[in-house]
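Mind assembling these two chains? They're in different frames, but the hints should get you there.
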Amino acid sequence: MRNLLRRKAVERDLDAEVNGYTELLEEENVAQGMKPGDARRAARVELGGPEQVKEEVRGVHAGVWFETFWRDVRFGTRTLRKAHAFSAFAIAVLALGIGASTAIFSVADVVLIRPLPYRDPSRLVMVWEDASFVGFPHNTPAPGNFSDWRAQNRSFEDVAAIRDATYNITGEGDPEQLDAIKATANLFPLLGMPPELGRVFGADEDRAGGPRVVVLSHGLWVRRFASDPTLIGRDIELNDAKYTVIGVMPAGFSFPDNDAELWMPAQFTSEQLAEHDSHYLRVVARLKPGISVAKANADLSAIALRLAQQYPDSNTSVGAYCVPLQKDAAGTFRTAVLILLCSVGLLLLISCANIANLLLARAAGRHRELAVRLALGAGRFRLTRQLLTESVLLSLAGGALGMLLAVWRRALLARMIPANFTYGGGLDFRVLGFAAGISVATGVLFGTLPALRISRLDLSVALKESGGRGEVGSGNRTRQFLVVSEVALAFLLMLGATLMMSSFLNLRAIDPGFRADHVLTMRTNLPQPKYKDLSRRIAFFDAVLERVKPLPGVVSAGYVSYLPLTMRGGADGFTVEGQPPRRPGEVNDANSRAITPDFFRTLRVPLLAGRMIDTRDTSTSLLVAVINQAMADAFWPGENSLGKRFKLDGYNHNVPWITIVGITGNMRQMGLDVPARAEMYFPYTQAQYFSLRDLAIRTAGDPMRPAEEVRRQIWAVDPAQPVTRVRPLDALLDEELGPHRLQAEMLGIFAGMALLLASLGIYAVLAFTVSERTQEIGVRRALGAQKGDVLRLVLGTGLKLVLVGLAAGMLAAFVLAPWLESSLYGVRGKDPASMISVAAFLLAVAVLACWIPGRRAAAADPMVALRHE
Amino acid sequence: MVDQQPELLQGTLDLLILKALALTPLHGLGIARRIEQVTRGTFCVKAGSLFPALHRMEEEGWLSSYWGESENNRRAKYYELTEAGRRQLETEKEKWGRISLAIARALEAS
Numbered sequence: 001m002r003n004l005l006r007r008k009a010v011e012r013d014l015d016a017e018v019n020g021y022t023e024l025l026e027e028e029n030v031a032q033g034m035k036p037g038d039a040r041r042a043a044r045v046e047l048g049g050p051e052q053v054k055e056e057v058r059g060v061h062a063g064v065w066f067e068t069f070w071r072d073v074r075f076g077t078r079t080l081r082k083a084h085a086f087s088a089f090a091i092a093v094l095a096l097g098i099g100a101s102t103a104i105f106s107v108a109d110v111v112l113i114r115p116l117p118y119r120d121p122s123r124l125v126m127v128w129e130d131a132s133f134v135g136f137p138h139n140t141p142a143p144g145n146f147s148d149w150r151a152q153n154r155s156f157e158d159v160a161a162i163r164d165a166t167y168n169i170t171g172e173g174d175p176e177q178l179d180a181i182k183a184t185a186n187l188f189p190l191l192g193m194p195p196e197l198g199r200v201f202g203a204d205e206d207r208a209g210g211p212r213v214v215v216l217s218h219g220l221w222v223r224r225f226a227s228d229p230t231l232i233g234r235d236i237e238l239n240d241a242k243y244t245v246i247g248v249m250p251a252g253f254s255f256p257d258n259d260a261e262l263w264m265p266a267q268f269t270s271e272q273l274a275e276h277d278s279h280y281l282r283v284v285a286r287l288k289p290g291i292s293v294a295k296a297n298a299d300l301s302a303i304a305l306r307l308a309q310q311y312p313d314s315n316t317s318v319g320a321y322c323v324p325l326q327k328d329a330a331g332t333f334r335t336a337v338l339i340l341l342c343s344v345g346l347l348l349l350i351s352c353a354n355i356a357n358l359l360l361a362r363a364a365g366r367h368r369e370l371a372v373r374l375a376l377g378a379g380r381f382r383l384t385r386q387l388l389t390e391s392v393l394l395s396l397a398g399g400a401l402g403m404l405l406a407v408w409r410r411a412l413l414a415r416m417i418p419a420n421f422t423y424g425g426g427l428d429f430r431v432l433g434f435a436a437g438i439s440v441a442t443g444v445l446f447g448t449l450p451a452l453r454i455s456r457l458d459l460s461v462a463l464k465e466s467g468g469r470g471e472v473g474s475g476n477r478t479r480q481f482l483v484v485s486e487v488a489l490a491f492l493l494m495l496g497a498t499l500m501m502s503s504f505l506n507l508r509a510i511d512p513g514f515r516a517d518h519v520l521t522m523r524t525n526l527p528q529p530k531y532k533d534l535s536r537r538i539a540f541f542d543a544v545l546e547r548v549k550p551l552p553g554v555v556s557a558g559y560v561s562y563l564p565l566t567m568r569g570g571a572d573g574f575t576v577e578g579q580p581p582r583r584p585g586e587v588n589d590a591n592s593r594a595i596t597p598d599f600f601r602t603l604r605v606p607l608l609a610g611r612m613i614d615t616r617d618t619s620t621s622l623l624v625a626v627i628n629q630a631m632a633d634a635f636w637p638g639e640n641s642l643g644k645r646f647k648l649d650g651y652n653h654n655v656p657w658i659t660i661v662g663i664t665g666n667m668r669q670m671g672l673d674v675p676a677r678a679e680m681y682f683p684y685t686q687a688q689y690f691s692l693r694d695l696a697i698r699t700a701g702d703p704m705r706p707a708e709e710v711r712r713q714i715w716a717v718d719p720a721q722p723v724t725r726v727r728p729l730d731a732l733l734d735e736e737l738g739p740h741r742l743q744a745e746m747l748g749i750f751a752g753m754a755l756l757l758a759s760l761g762i763y764a765v766l767a768f769t770v771s772e773r774t775q776e777i778g779v780r781r782a783l784g785a786q787k788g789d790v791l792r793l794v795l796g797t798g799l800k801l802v803l804v805g806l807a808a809g810m811l812a813a814f815v816l817a818p819w820l821e822s823s824l825y826g827v828r829g830k831d832p833a834s835m836i837s838v839a840a841f842l843l844a845v846a847v848l849a850c851w852i853p854g855r856r857a858a859a860a861d862p863m864v865a866l867r868h869e
Numbered sequence: 870m871v872d873q874q875p876e877l878l879q880g881t882l883d884l885l886i887l888k889a890l891a892l893t894p895l896h897g898l899g900i901a902r903r904i905e906q907v908t909r910g911t912f913c914v915k916a917g918s919l920f921p922a923l924h925r926m927e928e929e930g931w932l933s934s935y936w937g938e939s940e941n942n943r944r945a946k947y948y949e950l951t952e953a954g955r956r957q958l959e960t961e962k963e964k965w966g967r968i969s970l971a972i973a974r975a976l977e978a979s
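From first to last, the protein sequence lines are chains A and B. First residue of the first sequence: 1, per this note's numbering; consecutive thereafter. First residue of the second sequence: 870, per this note's numbering; consecutive thereafter.
Each hint should be verified, as a subset may be incorrect.
[Unchecked claim] One side only, chain A facing chain B, incomplete, derived with CB under 8 Å:
| # | residue |
| --- | --- |
| 1 | Glu17 |
| 2 | Glu23 |
| 3 | Leu24 |
| 4 | Gly48 |
| 5 | His61 |
| 6 | Val64 |
The set of hints was computed from the structure by calculation and includes no laboratory data. Here a beta-carbon is modelled for each residue, glycine too, at the ideal position from N, C-alpha and C.
Chain B extracted, bound-state conformation (with noise of 0.2 Å):
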């Protein structure tokens, strides 16, 4: 389960849920369930690796969240990407192409 590697989950997550919301705005618990979702499961967010992780991108200004209602006519904090938001979800891909490619040229080497 991921949560034994918190350092890295970190700026996984952050990659994950700007992924997850590219989109269309998702609650707490849909982001969570997308991100499982196209994972095929590898990585269960908890809720308490989630929340840190939404507030702090709220406050970093990636994030906007507003209270909507779910599905099933429940009161849910919604949230959605800025502008801020899609520009980082780009720098991130991009950097995570970079490292995955140093990487796997590290292991190719002899």
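Chain A extracted, bound-state conformation (with noise of 0.2 Å):
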């Protein structure tokens, strides 16, 4: 800003001067006899142009720049290389510093900065339901609700809604499992991405009873197409029935995420867009030009009251409201990588008043130096900018050693990442551009205040032999300034760590219901037209399951439809026998499942009364259903709900009494640290309308060990069917607390450094404060003091500076707790027991920081130092 003003200022002088000499000139030819208009004209010309004169005299003052510019490099490099130690250690720190910076920075610039690969992505939003009073907040849309708020609203430019699918595609190759995107026609023209080979569906695609078209994407065609570009117009073999190739997405074009690898016409019937029971659809809708997303959720609000009010069974109570998609996709990620970038600022900060505090003792060291140059006509200004060069070589260099610290662990940064994201390894532009910034402000932050105390050196005082004690003194309070920040925030810090560490172990700690060691599990999606028939679906599990079960190593083995965490949802509504109807708005909801007998066996969820579902219910038997704790507390309150009977709603409409046989124990299902929801089980042999997807075997040894017999068994009933996710159960806890604990991982590293610097921080200081008082010291020794005396006295000194950094991070703590809170499980963001031990550790270890200075201090002979300058 300065700077602008300056330039500014010498622009208008430049100018003055080159008018007043033009002006100068007249007067002279004005003076030889010639007319005004003539002696205007001719010092014009004599002048050849302002212009021209002002854009030498900008060259000049550029090549000036320039020259000292290079001269304070060439010299400031020569100066660290001489200061070699001092370089390496305050390279080494800041290139921990800067390298942590920009590596989390690359994980943010993913997942938060980054465009999505869609036209104008920011308009782009997500819609959802508002079903809180079932438990679901974030629901996804029925078909029904997406016609009208597609029909009805004010504030989109379109709305599209896709389903998900899963097809086996047969034909040249492994059977594969793939994941299909079923989409109304206008989601390509909405997201604004042209295929890259061939066309996307139309409209006149997209109706009941259309043809059979897909499009595949990038990754697909590669992977199995070999990019053949003869591909489109043939046909492939999905489900086995053959669908038509009508074009290729480009690379990089994903939606909704990195695992859908077919888009195809979803087709819907003017039945099931008329359906506001059923709730499965995703709606992605792009907004109108000048429509924030806070028009387009009061736009939303009131038409889902009119729905409300038109569909009082389905729709009451149900709100709708838009997420920005980049927001929606990034999720919890998005707290957590704010976190991680506050935490890694915090750090650099006290990178930074770490080699502040060096720089300033260096001074001390280089008196003479600066004076004799201070001497030799350098002004003030240009001292402080050679001191401010060499600040920002330092730290340009140590942010060089950090990016390739960053590039050396991108594997580890890839795991941060969200599964819709991609990583590319952080080395793109905006990255480069990014550290060296950083690396830029850093060396300024740094090296600002250490250059400006230096430049105001008193020359006289330098000068002299004993090197102008006096002024360094005062710099000892800005010293002591830097250390005590650097207490406070490496409090901070290791405060953060402590409890993201303990909302970690909490997490881990939780027990979610069921036992997930030595249990292999395996997915196995039966695609719909082959076992459309309920009775194949039976034999193909009853086959199956009879094979593994005697396979050696397998204790027991079940089937479910979904294993608990893998789906946050799949609810029904029902109709509680003997209760009074439900109102509009008031519904009866619980997670639905189909189970084979031995499933809870195989997980150890225990069976608290009745019985469990076995071999005497068939398809032709009575409809029975176990049910867990939570949905016997929830419906059946105070009573025993065995032998109680309810009815399922919606699409249900003919099915029977359903009687309850058993209650289970709770599994979570929705999030380890989200109560278990009220959830009931069907066996598969009655479940119409349910199928199993996952199958579950408990075995003696390492689960892994009879995975592939167990393949093979299962390609030995269907060979064409693919076998996916194979993975012991252990590997899907892990997953939901991954997260947590490479966060708790990360902060712990930050805080460490943090609590390594801070300690070499007040190291130097005290050190410094020793050898500054060494005279003092051997005079209080000659009056009598003991070694003891010196050592507390040091002590004092240091555990003082500790003692405020400690309060000033507290003060901070308190008050940025609230910010923290969504992020942690089980403990709160003031909680007392972390603050303690953090400072009391904090402190320990500072105490042993002060005790090296003192002790040496404590045993330097009196007569020395009373001899000391």
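Rendered as structure tokens:
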């Protein structure tokens, strides 16, 4: 800013100078007899064009600037190379700080900053139903609601819907299971990404009974079809039917995430589009220009109210809202990465304070050199600039090293990114720009204070032999301030790390309601037309289980619709026998699953009352169900629910009453930190509308050992059935805990570095204080002070600083705590136990850091100390 | 005219400017006219060469400038020699002397 103002002043000055010159010339000409008009013209000619003259002058100034800059750089490099111990240490500290910052930034860039691969992605939103009254605030919309939102809204250019599907691809190559998206025809125009090859499907193909066409993802096209350009127009085999490939999307395109590899027209029937009761879509919309998210939300709320009146049975208390697509995709990761960014920022600040301190300490030894420079005519401004150049050189070197560190660790960083994003390794220009920028900023930050202070040396004092201790003494206050702030920041970081670690341990200690050890799991998603018939499905599962159970190492095996924590929903409404009919807006809702008899035994979920589903429950016997404790407590409070009956609502209109025969323990379904939801389990033989998907096998030894054999048995039943997600159940829990663990680990590493730097800072300042006060200490000793007194003196000085720092840190923690709360589990942001233990630990380390200089001061010979200058 | 030899001119121009300001401060046009005068018209310095030279020499620390009033009470930028400038003048004079002596000797040699 100041430079800008200076430049304007310089320009004005130059302008005035040139004009003045011209006027003087004019005057001369008039004095020689020319007429005023001619005089002016002649003056202009002689001048040769004011702009050119000004340009020349500007060039001179620029040239001089570059010359001094380059001179400063060369001089700075030489100085730093001579002080190699200091420079190496400073570069190392900076490399850690800047490297960590760049690493976290590259992660943040991918998830928060980099625009998604669509046209004008900031205008895209996801639209959700708000069914908080049944515990689904972020609910997948029903097609009926989607249609009504699309027809009635005034905020969106267009609204599209997608649903998930899986297809088994057969034909050339191994059978493979692919995730597919069925979308309304307006999806691709809405996203605005044209295909790389061929075309996308149009509205004429998106009708019930329309043609079987499909668009491939780039990855699938490369992987399975070897980038064959003639694939367009040819057929591929999906779920035993022929689909025509009409297009291939470009590389880097994905919607809604990286898993989807096929896009097909949704081909909804008009009945489906009027359905307000089944919730399974995802809806994306593009805001009209000039419409904000807030306005769109108001619009949607109004429509939701109207729908609630129009369809009271399905839509009472159901709201609607939209979320920007990028924010929605980032989810909870957004907060996590922001926390990490702030933490790494704190670490960088500590590094800066540390190096600033070191620079000030070094200045004490450079007095003579700097005084000479001043005497030789370098202005104070130039001296400051030279010192600042040194600092920036240091931090750029540190930054370069740090970048290398960040790239080296990119595999670790890639683990932090949620699945919908791809991490490129962090070498794009934005990250490099950030690294360069933050290096320069860091250099300026830690360099300015020392540079200003040093350049203000009193010349006469500095040249004296004694080295101007008085001047440096006042510098000590700055150094003390820096140390106090280091301690405060280190406290904050250590507290954050402790809270995160506690959170993680709390989460890990949660009993998920089942035993995940020694359980092998795999998924067999049965394709639809082939296994439409319930009896065919039953035959498949029976055959597989019959083959798998006798295998060596297998203790028990069972099938379930969805393993716990893999489906955050899948609920159905129901009516309880004997209870008054529910009013619109009040819904009995529970997760619905189908199981085979041995499933609960395999996962060691206890049976609390009644009996488990077994072989007597067939397709023709009495309809039964087993419910979990949460459901029993919620819908039959205070009663024994065994023998009670209920009936499923919705599309299962004609199903007779279902009898409850057993009650099981609760499994955590929605998340480790979410209490168990009401859940009902139906025998697989009676589940017309539910399929089984996940196979769980309890093994005697290593859960992965029987995996190959189990797969072979499944293929013996159906060779074309893909088997996916073969992994132990432990891995599922690890996945849930993974992000929390990683965050706690990262913060722990930062906190460790912060503690190290802060202790080094304390040590340095105390060592300096001691050397400063050597004479004073000598006097004290001569007057009778003991070694212990000297030690106490030094310790006292040091601990005073640390305590002030801790106090400041605690104050800051109180202020900042609420912001961290949402990421913590089982521990509050202001947890006193954590604060006290962190403070105590920091204090202990600080005492150690004070001890060494203290001991050295106490051990010094008093006679030597007295003579010290 | 002197503009045909820019390289030689920079070293020469610096010397001429320093000499012109040796006695009193002058404004830009005054410097040009003085050089013209003392070299009896051999060197006519245009603004395009004079201004860059003046600014460069000010950056080097040989000149300092201030705003003052001209003979006819117009505002003009005046330049004067600094201590360093005076020293530079001596250095340049000596250098110039050595160069011209060397060239003279070279021309005399057969």
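These are the hints, each one checked on the structure:
A least Cβ separation of about 5 Å between glutamate 17(A) and chain B falls short of the 8 Å threshold, and the interface hint therefore holds. Given hint, glutamate 23(A) at the interface with chain B, holds; its Cβ is 6 Å from that chain's nearest Cβ, closer than 8 Å. At its closest, the beta carbon of leucine 24(A) sits 4 Å from a beta carbon of chain B; the interface hint therefore holds under the 8 Å criterion. At a threshold of 8 Å, the smallest CB-CB gap from glycine 48(A) to chain B is about 5 Å, leaving the interface hint in force.
Look at histidine 61(A): its Cβ gets to within about 7 Å of chain B, closer than 8 Å, so that hint holds up. The closest approach between the C-beta of valine 64(A) and any C-beta of chain B is roughly 4 Å, which is under the 8 Å cut-off, so the hint is satisfied.
Comparing the model with each numbered hint stated earlier shows that all of them hold.
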